[in-house]
Amino acid sequence: MTMTSTRRFARLRRLPLLPLAMVAATVLVALFADVLAPHDPLGINPAARQMPPVFAGGSWEHPLGTDRLGRDVFSRIVLGTQISLGVAVATILLGGLIGTVLGLVAGYRGGWIDALVMRSADGFLAFPSILLALVLAVTVGPSFTVVVVVLALVLWARFARLVRGEVLAIKERDYILLARVAGAGGAYIVWRHILPNILNTLVVLCTLQVGWAIIVEASLTFLGAGVPPPTPTWGGMVAEGLDYIESAWWISVMPGLAILLVVFSYNTVGDWLRDVLDPQLRNV
Amino acid sequence: MTQQAQPILQVRNLVTRIGGKRGFGNAVDDVSFDLMPGETLGLVGESGSGKSMTCLSVLRLTPPAATHITGGQVIFDGEDLLRKTGAEMRGYRGRRISMILQDPMRALNPVLTVGEQIFESLRLHRGLRGAALREAACELLERVRIPDPAAGLSAYPHHFSGGMRQRVVGAIALAGNPDILIADEPTTALDVTVQAAFLDLLKSIQRQDRLGILFVTHDFAVVSRMCDRVAVMYAGRIVETAPTDMLFDRPRHPYTESLLRSVPDVDRREERLYAIPGQPPSVFAPRTGCPFAPRCPRAMDRCRQETPPTRRLDDGHEVSCWLHEE
Amino acid sequence: MTRLILSRLVQALATLLVTSLIVFVLARSSGSPADLVLPTDATPAERALYIERMGLDRPIAEQYLIFLRDAVQGDFGVSIRTGAPATELVFDRVGRTLLLATAGLAVALLISLPLGVMAAVHRGRGWDRFSMGFALLGQSTPAFWLGIVLILIFAVWLRWLPSSGVGGWQHYVLPSLVLGWSISAGIVRLLRSSMLEVLDAEFIKLARTKGLREPVVVWKHALRNALIPVVTFIGFMYGVIIASGVVIEVVFGWPGLGYLAYESTLWRDFPVLQLSVLVYTAIIVGINFLVDVSYGLIDPRIRT
Numbered sequence: 000m001t002m003t004s005t006r007r008f009a010r011l012r013r014l015p016l017l018p019l020a021m022v023a024a025t026v027l028v029a030l031f032a033d034v035l036a037p038h039d040p041l042g043i044n045p046a047a048r049q050m051p052p053v054f055a056g057g058s059w060e061h062p063l064g065t066d067r068l069g070r071d072v073f074s075r076i077v078l079g080t081q082i083s084l085g086v087a088v089a090t091i092l093l094g095g096l097i098g099t100v101l102g103l104v105a106g107y108r109g110g111w112i113d114a115l116v117m118r119s120a121d122g123f124l125a126f127p128s129i130l131l132a133l134v135l136a137v138t139v140g141p142s143f144t145v146v147v148v149v150l151a152l153v154l155w156a157r158f159a160r161l162v163r164g165e166v167l168a169i170k171e172r173d174y175i176l177l178a179r180v181a182g183a184g185g186a187y188i189v190w191r192h193i194l195p196n197i198l199n200t201l202v203v204l205c206t207l208q209v210g211w212a213i214i215v216e217a218s219l220t221f222l223g224a225g226v227p228p229p230t231p232t233w234g235g236m237v238a239e240g241l242d243y244i245e246s247a248w249w250i251s252v253m254p255g256l257a258i259l260l261v262v263f264s265y266n267t268v269g270d271w272l273r274d275v276l277d278p279q280l281r282n283v
Numbered sequence: 000m001t002q003q004a005q006p007i008l009q010v011r012n013l014v015t016r017i018g019g020k021r022g023f024g025n026a027v028d029d030v031s032f033d034l035m036p037g038e039t040l041g042l043v044g045e046s047g048s049g050k051s052m053t054c055l056s057v058l059r060l061t062p063p064a065a066t067h068i069t070g071g072q073v074i075f076d077g078e079d080l081l082r083k084t085g086a087e088m089r090g091y092r093g094r095r096i097s098m099i100l101q102d103p104m105r106a107l108n109p110v111l112t113v114g115e116q117i118f119e120s121l122r123l124h125r126g127l128r129g130a131a132l133r134e135a136a137c138e139l140l141e142r143v144r145i146p147d148p149a150a151g152l153s154a155y156p157h158h159f160s161g162g163m164r165q166r167v168v169g170a171i172a173l174a175g176n177p178d179i180l181i182a183d184e185p186t187t188a189l190d191v192t193v194q195a196a197f198l199d200l201l202k203s204i205q206r207q208d209r210l211g212i213l214f215v216t217h218d219f220a221v222v223s224r225m226c227d228r229v230a231v232m233y234a235g236r237i238v239e240t241a242p243t244d245m246l247f248d249r250p251r252h253p254y255t256e257s258l259l260r261s262v263p264d265v266d267r268r269e270e271r272l273y274a275i276p277g278q279p280p281s282v283f284a285p286r287t288g289c290p291f292a293p294r295c296p297r298a299m300d301r302c303r304q305e306t307p308p309t310r311r312l313d314d315g316h317e318v319s320c321w322l323h324e325e
Numbered sequence: 000m001t002r003l004i005l006s007r008l009v010q011a012l013a014t015l016l017v018t019s020l021i022v023f024v025l026a027r028s029s030g031s032p033a034d035l036v037l038p039t040d041a042t043p044a045e046r047a048l049y050i051e052r053m054g055l056d057r058p059i060a061e062q063y064l065i066f067l068r069d070a071v072q073g074d075f076g077v078s079i080r081t082g083a084p085a086t087e088l089v090f091d092r093v094g095r096t097l098l099l100a101t102a103g104l105a106v107a108l109l110i111s112l113p114l115g116v117m118a119a120v121h122r123g124r125g126w127d128r129f130s131m132g133f134a135l136l137g138q139s140t141p142a143f144w145l146g147i148v149l150i151l152i153f154a155v156w157l158r159w160l161p162s163s164g165v166g167g168w169q170h171y172v173l174p175s176l177v178l179g180w181s182i183s184a185g186i187v188r189l190l191r192s193s194m195l196e197v198l199d200a201e202f203i204k205l206a207r208t209k210g211l212r213e214p215v216v217v218w219k220h221a222l223r224n225a226l227i228p229v230v231t232f233i234g235f236m237y238g239v240i241i242a243s244g245v246v247i248e249v250v251f252g253w254p255g256l257g258y259l260a261y262e263s264t265l266w267r268d269f270p271v272l273q274l275s276v277l278v279y280t281a282i283i284v285g286i287n288f289l290v291d292v293s294y295g296l297i298d299p300r301i302r303t
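Chains E, H and L, in that order, give the protein sequences.
Heads up: the first sequence begins at 0 in numbering that gives the first Met the number 0, then just goes up one per residue.
Heads up: the second sequence begins at 0 in numbering that gives the first Met the number 0, then just goes up one per residue.
Heads up: the third sequence begins at 0 in numbering that gives the first Met the number 0, then just goes up one per residue.
In short, the hints are calculated from the structure, not lab data.
Mixed in with the good hints, there may be bad ones.
Stated by the list, open to error - Derived pair list, reagent style BS3-like, types lysine-lysine, alpha-carbon separation capped at 27 angstroms: (1) K83(H) x K219(L); (2) K204(L) x K83(H); (3) K204(L) x K20(H); (4) K204(L) x K202(H); (5) K219(L) x K204(L).
Computed from a predicted structure; not experimentally measured.
With the hints as extra help, turn the sequences into a complete structure.
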């Protein structure tokens, strides 16, 4: 922490209010989706099929319109938040944990462990996860777990590389040297000295990866390799609406808009966090 | 050394303001000096004294976002450079006034060949093309004593050692046949033996071309070897100017005295190393009176209240100090 | 130099082998691999014959070797859907995917190069904010949705461009635009920070003292250096670019390898999917290899 508190405070004044509110809102919505959705997201209502949103000739009853089965688009989007955030959280926990641990070990130990971890990470990062997800969709069948695993397989590599880089930088600092001179062991040093100093980096990375996870999950589900129906997912909704794009464009466009707004908010907050916590984090 | 010659460069009351979030101040604070053709004027001082800023100000290459030349004149060959437009100013750079920088390891573009970087200047300043270009470039490399110039042209900077790179930088600087060379601590990053060779080279080129050299350094050994006259800078102002031997034998300003005293001398066994007590003032701090007053062993009340003017003494010295005001 | 190329080549082959192994294992792990490969109306006799021929009752290692043996001879099985050899289907489509990827990359560079440079040169001011905003938006937009929206606007409502398929240059516009858009965000950010670093360098200062005009300093001297990490990034990210390509091909009905892979997922046409994945991997590995080698072309310091 090299900044004086007055400089920090000045940065805080550039708070991105709207995006932060959005981030908080998505968490709340995800938690209380069942209660917040005005209609039953799975409720099929043939009488109300393909009604337009309120600003295109519809009514406030269905503010964002209904889909081909008469289901309320808004309610489905609300419920979709659960999946999107759920996948993101699960992926970040899984991939982030593994990646951080491996990154710490690789960075601190160096040598062949470092080389091995980094090589593997490079390999995983270069491989297109979508193809793997497609293969899994056919062999094992698509599911929430499959999506999380596929995403985590890429995410761990990102975390590992970043953490390792940070560890390498911190490793040479004086207080680490002092701890070693005092006889502290490796694990202790990593736990008490290194980890707290990379916390900032981790927080920023986590925030920025939420958006990534949401988009990739939506893409996979769109292709049919993600979370399968009838669970309402944003990606799935876009896919369903594709056939009706000419007559009922809102079925596909609205969920995608939700993705855009949510991911934009998380990315903005992530960028702001990076500025506040440490502007030196160029590589996050 | 003819006395009738006109100075090729006359800087008068140059003021360069620097500012930003931390405040504002004058990095170059009312600086004046002359440079004669064929002479080397040394600009000496601690880091932060404004030496580099002065050089950059002459070429109007100070960082645009944070700095602003707010006053004075820079008269080169009869014209005030501060009144020139950007395009006109560019015409001077590299062609009439050249500059070499301190760090040879980083001064050259790593992805272009040495040849291309010399060609660039030759094309721009001498309008050469094709075979004439290569010939001229080889000649330049020969002048700066680079062995096997033809091979050197197609080599990349990382193929050369620090000393050689600095020579290449010198070659580029000479490409336009300038009248003045501004050298900002060109030998600071070089080994001592390499230093000597480079300074020799510079001196010989100066004699051949009647080059005026503005030589910035903090090393008095280099000063004694290289400079005909010296200007001592402190906190953005020139406190003393004199011919080199005069400065060493009879320094007139307390700061110069202290500086010379703090250079360790192998011949004299001192009890302890002399260091000037205190710190140079921050450029952003408000100034009243002589900037050296807080650290000056001979400061008087007047020093703290009024800034001393620059006065010419009869032995060729120019000093800015109340001690010499009678 | 040849040593470098050879070692990279070996690495490339190793990656290919590992990928094929992974796909192979996944296929075998799905319970009954025969079901993946045989049509649903296959008789028990046909199944038994297939199992014996493929050695599915033999140890896994042997099976893999059989697979490799067939692969080397160009036999990757037969499409469950059409009955044609998988190789035929796949290689028919590869060209179109590569065309689209190239077009997308070209669009991305066209957009991001000027934006990245401008953002760095005008740091903190108008261009910078615009570029960063653009990058943020680009990273937040799901490519498949953007494609749909553009189709809606330009093909359905305005009827200026076709909505799907191949044909003349009109068919390239929207898909490469979407592909380029999704890639350019990352490039703009990287280029901007890279340029900022380079513009601070000593040799840039020196270039100005030579009297060069500012555009020459920026575009000739600075950009060449700033592009080095960008090239690495692109090579690195090629896998991601390819993945985006799959989604875009599906949205635009672009008959390339990605669309084929998608269709084969729907039809559970495993042999075709398997080969598609392998070809994709080969392309990625090939591109990474080229990037590694060309690195020496861009950064002379590596060449020695």
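Going through the hints against the structure:
no.	hint	result
1	K83(H) x K219(L)	holds, 26 angstroms
2	K204(L) x K83(H)	holds, 20 angstroms
3	K204(L) x K20(H)	holds, 24 angstroms
4	K204(L) x K202(H)	holds, 25 angstroms
5	K219(L) x K204(L)	holds, 14 angstroms
Of the numbered hints stated above, none is contradicted by the structure.
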